[in-house]
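Line by line, the protein sequences are chains H and G.
At position 81 of the first sequence (counting the first as 1) the number is 81 in our numbering, and the numbers step up by one without a gap.
Positions in the second sequence are counted from 1; adding 313 to them yields our numbering.
Please note: incorrect hints may appear among the correct ones.
Said to hold, decoys possible - Below are the DSS-like pairs computed for lysine-lysine, each with C-alpha atoms no more than 25 Å apart in a straight line: (1) K816(G) x K86(H); (2) K86(H) x K479(G); (3) K410(G) x K484(G); (4) K666(G) x K609(G); (5) K535(G) x K406(G); (6) K86(H) x K410(G); (7) K640(G) x K791(G); (8) K86(H) x K493(G).
Simulated from the structure, these hints should not be mistaken for lab results.
Chain by chain, the residues run as shown.
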Amino acid sequence: MPSLSYLLTRLLQIIPTFLLVMVFIFLLVRLLPGDPAIAMAEAKATDAQLEQIRHNLGLDQPLPIQFLVFVKNTLTGDLGRSIMLKAPVMEIILDRLPTTIFLALYSVILAVCLAGPLAFLAASRANSTVDIAIRGVFQVGLSMPVFYIGLVLLTVLAAQLRLFPVGGYGTGFVDNLYHLILPALSVALYTSAIILRNLRASLIEVLDADYVQFARAKGLAPRIIMTRHVLRNALVSTVTLLGLSIGNLMSGTLVTETVFAVPGVGRLMLEAIFARDYPLIQGLTLTFAVLVSVVFLLTDVVQSWLDPRLRQS
Amino acid sequence: MKRLLPILLGAALGLASATSAFAIERGGVMTFARYDDSTVIDPVYADRNPDLWMVTGLYETLLRNGPDGMIEPGLAEGYEVSADGRTVTLTLKDGLKFSDGSPLTGADVVFSLDRARDPELGPWAGLLGAVEKISAEDRKITLSLKNPDPTIISILATFNTGIMPKAAFEKAAGANDQEKARAFFAAGPVTSGPFTLKSRVQGSSMSFARNPNYWRPGEDGKPLPYLDQVDFIVIPDDATRILKLQAGEVDAAEFIPFARVGELGADPNLTMELFPSTRIVYAPINTRDTRKDGSKNPLADVKVRQALNYATDKNVLIKLVTFDTGKPMTSLMSAATQLHYGPEPLYPYNPEKAKQLLDEAGLSGGFEVKLTTLAGSADDATLFTALQQMWAPLGVNLQVEQVDNPTRGEKNRSGDFDIHTYGWANDVNDPAQVTGWLGYYKQRQAVGTGWNNAEFNALFEASNVEVDPAKRKDEYKKMQEIYAAEAPLLFLFETPFAVAVSKSIEGYVQTPLGANDFSEAWRAK
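With the hints as constraints, model all of the structure from the sequences given.
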């Protein structure tokens, strides 16, 4: 296992990342043209009412003051009140976040379950018809946008064959699994294509490596060669890729959650941007930053466990 | 007797079949797919359409908007306006109750209306701006006004004057009104409308349950509503909402894109409803002498604005954008708005006349104009390409600028545009709101156009204190004539509210103001 000091160093490295994220997001939302007061009042308010709204939101303060207030509040765990939903941002995010995490994990598990066995099959029969067929199908998955895969799945499996519900969210674990199958699958198809391609390539590479040839020559059982030598080495780059794709997945939820009517933070982000809901956009971006950082940290930990050489660097 | 029996039998059978065709059935649940969720359904804090279109389902007003657009009694038996227009008296119906069974009294009315007119609270307080004092004596409610206000009767039928329970609201936890409102709604609020709020998951779903104490009787003489429950599911994506309806997972889906109205209308399981609305689609024209960048603005000349209106073939746009579900504008307001005056479509297509008007304005050599549209809107993209082609023969070079909604709002407010797309639906059953919005300079520089017409402004001000209905009607006629002639807008079209409903559901209505009315909906078993 990686040492405690390694973990601490990685954790400390996250702090400047967050500070940068905070500066960027604060400036970016304010550089967007459009005024949250106007977005909020649906254009019908008088100028005096708009002034009042801006004052209430603290938007009439100079930018540096607004930024200091934002940092101070964030450090004390106060992400402000959503302009659009009129409730504390923290509360809203905590309410919606489990759905997104559930969907993300569900997609990753599906992707791994799909890509893993097929990658083995393809690698063990490299360049055979089976290999070419598997790669061909997944190449198609890779070249289609997630929302399009989603719409095709919806139309065929949900609307026509009526095997699954057309989006929405269930109550309870099993019901959630059932309701989220199509959104999870549409994301998983894309992610598994990436994993498959990478895992197949590294499996072929490792299977050819000297130490594997040597192990074979030693007469080790194929199962032991596979688990101890091949898999462990082939997984290093795949884990990195999986980590990265979970990061991507977070941004992918913006689209998936909208298409499938899943009430997660992805859809919330889209709504917040359209409403110029500064506190909510800031809060959500920080949340995404935290999530991605945690995923990357975990990726590093798993990698250094798989490959001890990485701990020294 | 022998000869009478078959006749009687036949009559009885005939009657039975007639009633079974029309008999309303009670009970059941209806599931409704919405394009967006409500954030607050409090009558006072509601500020976005998805909020305010739900309010009247939970909170009844003293007066109601009838199906023909006329004002009907609501919680009040009727109203009386004094001769000087300064006092409105209403009498509450006898035996009214809230959803929890507690009596609905004059004190609740005073509480609710005082809350509704408090400018510190909701964005709609101005609607009750003329009110000086509200008092109640038993069932008699008196509104004393600072000045006569011809809109007050319509306001008493508007969502923000919904009657809430004073005692239950004040009992809710919280230090101020905002916190109390939150706690009150989170706890499953006591209501006065046809439904109560049973449950909700923000951003996802919401359930309305039947209010057993609602006052209004149905066709069978028993109290409305017929349904036991209405479930709402939020599905922002148009295609998914429709798929969900086609898969039978929901009973109705709102905001059907016009491009799909024909297809859903042909579905034997569905009724494609096109409810008359007060919704208009138009394009404000910047009428200021100079543009924001200081250059001379050709659109300041009324002849140029008229020419562009004549050069626009509205019927083609209606076909392209609304798939023939819309109709041309005949006035600044929709034909479904009270006091509408517009005997015929404004500026029928006439390229010759357009050319002649541009010649008179000294612009026969052509000029360049920018159209600001919503990015990502297929309708706006269609409008732009069609207008570009329609105006090109006149030498008008139409440029496009695509922005998102908040940016468009800001450009409108700062006057940084030539022409931009916009839409509107009335929130109040009275023409003053739309007229003030589109034409009254002092309110918002006439929908941001900068159009400042002294005669129009004076008429608008006069009409706002005019208690003689005939005189007010005349003032509105004049205002609509002036506006049409001056053309501070590119007049485009009116559109209906398109809702696709399963054949098993009857009686759902979306009112011209957009409110979702489930009070008389029922499910055939």
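Hinted pair, alpha-carbon criterion (25 Å max): K86(H), K410(G). Please report holds or violated. violated (30 Å)
| query | Taking only the CA atoms, is the gap from K86(H) to K493(G) under or equal to 25 Å? | reply | holds (13 Å)
- Given pair status - K86(H), K816(G), alpha carbons within 25 Å: The hint is violated at about 38 Å.
* To do: Would you mind confirming whether the straight-line C-alpha gap from K535(G) to K406(G) stays at or under 25 Å?
  => holds (17 Å)
**Prompt:** Under the criterion that the straight-line Cα-Cα distance not exceed 25 Å, is the pair K410(G), K484(G) satisfied?
**Reply:** OK: K410(G) and K484(G) at ~18 Å, within 25 Å.
| request: Quickly compare the C-alpha distance for K640(G) and K791(G) to 25 Å and report which way the hint goes. | output: holds (23 Å)
Checklist line | 25 Å Cα cutoff - pair K666(G), K609(G) | finding: holds (24 Å)
Hinted pair K86(H) and K479(G), Cα distance within 25 Å = holds (22 Å)
The structure fails to meet hints 1, 6 from the earlier list, while all remaining hints are met.
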